[in-house]
Amino acid sequence: MSTTTLEQPPAAEAAIQSFTVTFLIRRFDPDVDTEPRWQDFDVEMYATDRVLDALHKIKWEQDGSLTFRRSCAHGICGSDAMRINGRNRLACKTLIKDLDISKPIYVEAIKGLPLEKDLIVDMEPFFASYREVQPFLIANSKPEAGKERVQSIAKREIFDDTTKCILCAACTSSCPVFWTDGQYFGPAAIVNAHRFIFDDRDDAASVRLDILNDKEGVWRCRTTFNCTDACPRGIEVTKAIAEVKQAIMRGKP
Amino acid sequence: MPENPAGTLTTPAKPAKQKPGGTLYRGREGMWSWVLHRITGVAIFFFLLVHILDTALVRVSPEAYNAVIGTYQTPIMGLGEVALVGAIVFHAFNGLRIILVDLWAWATRHQKLLFYIVIALWVITMLGFTPRHLINVFSH
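Chains as they are written, first to last, in the UniProt record's numbering: chain H, 1 to 253; chain P, 1 to 140.
Each hint should be verified, as a subset may be incorrect.
As the list claims (entries may be wrong) - Simulated DEER-style distance windows between Cβ atoms: (1) H:R156 <-> P:F46: 30 to 38 Å; (2) H:A154 <-> P:I88: 40 to 48 Å; (3) H:D203 <-> P:H110: 42 to 50 Å; (4) P:L100 <-> H:G86: 24 to 32 Å.
To be verified - Which residues of chain H face chain P? A few of them, derived with a C-beta cut under 10 Å, are: (5) Q17; (6) S18; (7) F19; (8) P36; (9) T48; (10) G75; (11) G86; (12) R87; (13) A109; (14) K111; (15) P176; (16) R220; (17) D229; (18) R233; (19) E236; (20) K245.
FYI, nobody ran anything at the bench for these hints, they're computed from the structure. From the three backbone atoms N, C-alpha and C, an ideal C-beta is built for every residue, glycine too.
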């Protein structure tokens, strides 16, 4: 079985070139620091490594006090959104080969949410906005006994893009409006409202459109497209917000 | 007070590459068009404020109006007018872009292209306006 492969020396592995990459990480320990500070780390990395691997190496081999969130490490859980070289990215989906390693790589916490420690922010305001748009199916109809609600492929396609959201907050914390006005619902909440507003099985679209037709709702969006650029799932966030704006103007989805 | 009270932690020497604030968010065309739109918008607002005040002077007395308008006839103000027209032209074209981006799905997807079209239209308009205007300003 696998014994033959195990006996083979990893000759190819030795030939892979590694690079020394400098990471500048914005640290903040609330027990010691009054202000965040930048600290640099040199890490030996392969081109195919991810920024998350670098953070692991730093935490495990250099400084155990480095604090960050990560769970699945494969771009699904949405725990490790952070600002890498000034842009919101998932650390687990950002490869070293895609970064310019001739310069230090800046890593800092996402912006606009209260900084708790190092790369960790308080996500509660973000989830509070999410809860406010009622991101769950509200249906008055009853499916046939033992059956599901039937939906055509075309009707499912309308909101397919916004079902991909993993709630990492990369979009919301890339929004200049959200930085200055924490009351704004933010792109993520609107994306998740969009997912149910345009679902024909759902009957509460008008309730959600009402919630978002607010001073702090969709009209705060200034179409800077930072959210679309930041989304690790490739959701066209600004387009979804524009569709909600038009649904409010039409009065129906 | 003693210089180092007992029990205080000595913080390690600050690293050489100190940069207290966060990095500037590196937004793309969309973000910078919005920043420019804001700056030009605020600038135009202050111009309009002064403009309404000096135009209202004609109700006080035509002489006072002429005196104030006369002070504007300088080369510095002439260059300021180039900046003002530049701001208004950008704000106008980018405003049309924002309307399209909000109302037309194709434009939402191609907002970067539209931004460069706005810049191109701005350059063309300014190339037409600036030489003509500066000849007027500096030939009087």
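Hints, verified against the model:
no., hint, result
1, H:R156 <-> P:F46: 30 to 38 Å, "violated (51 Å)"
2, H:A154 <-> P:I88: 40 to 48 Å, "holds (45 Å)"
3, H:D203 <-> P:H110: 42 to 50 Å, "violated (35 Å)"
4, P:L100 <-> H:G86: 24 to 32 Å, "holds (28 Å)"
5, Q17, "violated (26 Å)"
6, S18, "violated (23 Å)"
7, F19, "violated (19 Å)"
8, P36, "holds (7 Å)"
9, T48, "violated (24 Å)"
10, G75, "violated (21 Å)"
11, G86, "holds (4 Å)"
12, R87, "holds (5 Å)"
13, A109, "holds (8 Å)"
14, K111, "holds (6 Å)"
15, P176, "holds (7 Å)"
16, R220, "violated (12 Å)"
17, D229, "holds (6 Å)"
18, R233, "violated (17 Å)"
19, E236, "holds (7 Å)"
20, K245, "holds (6 Å)"
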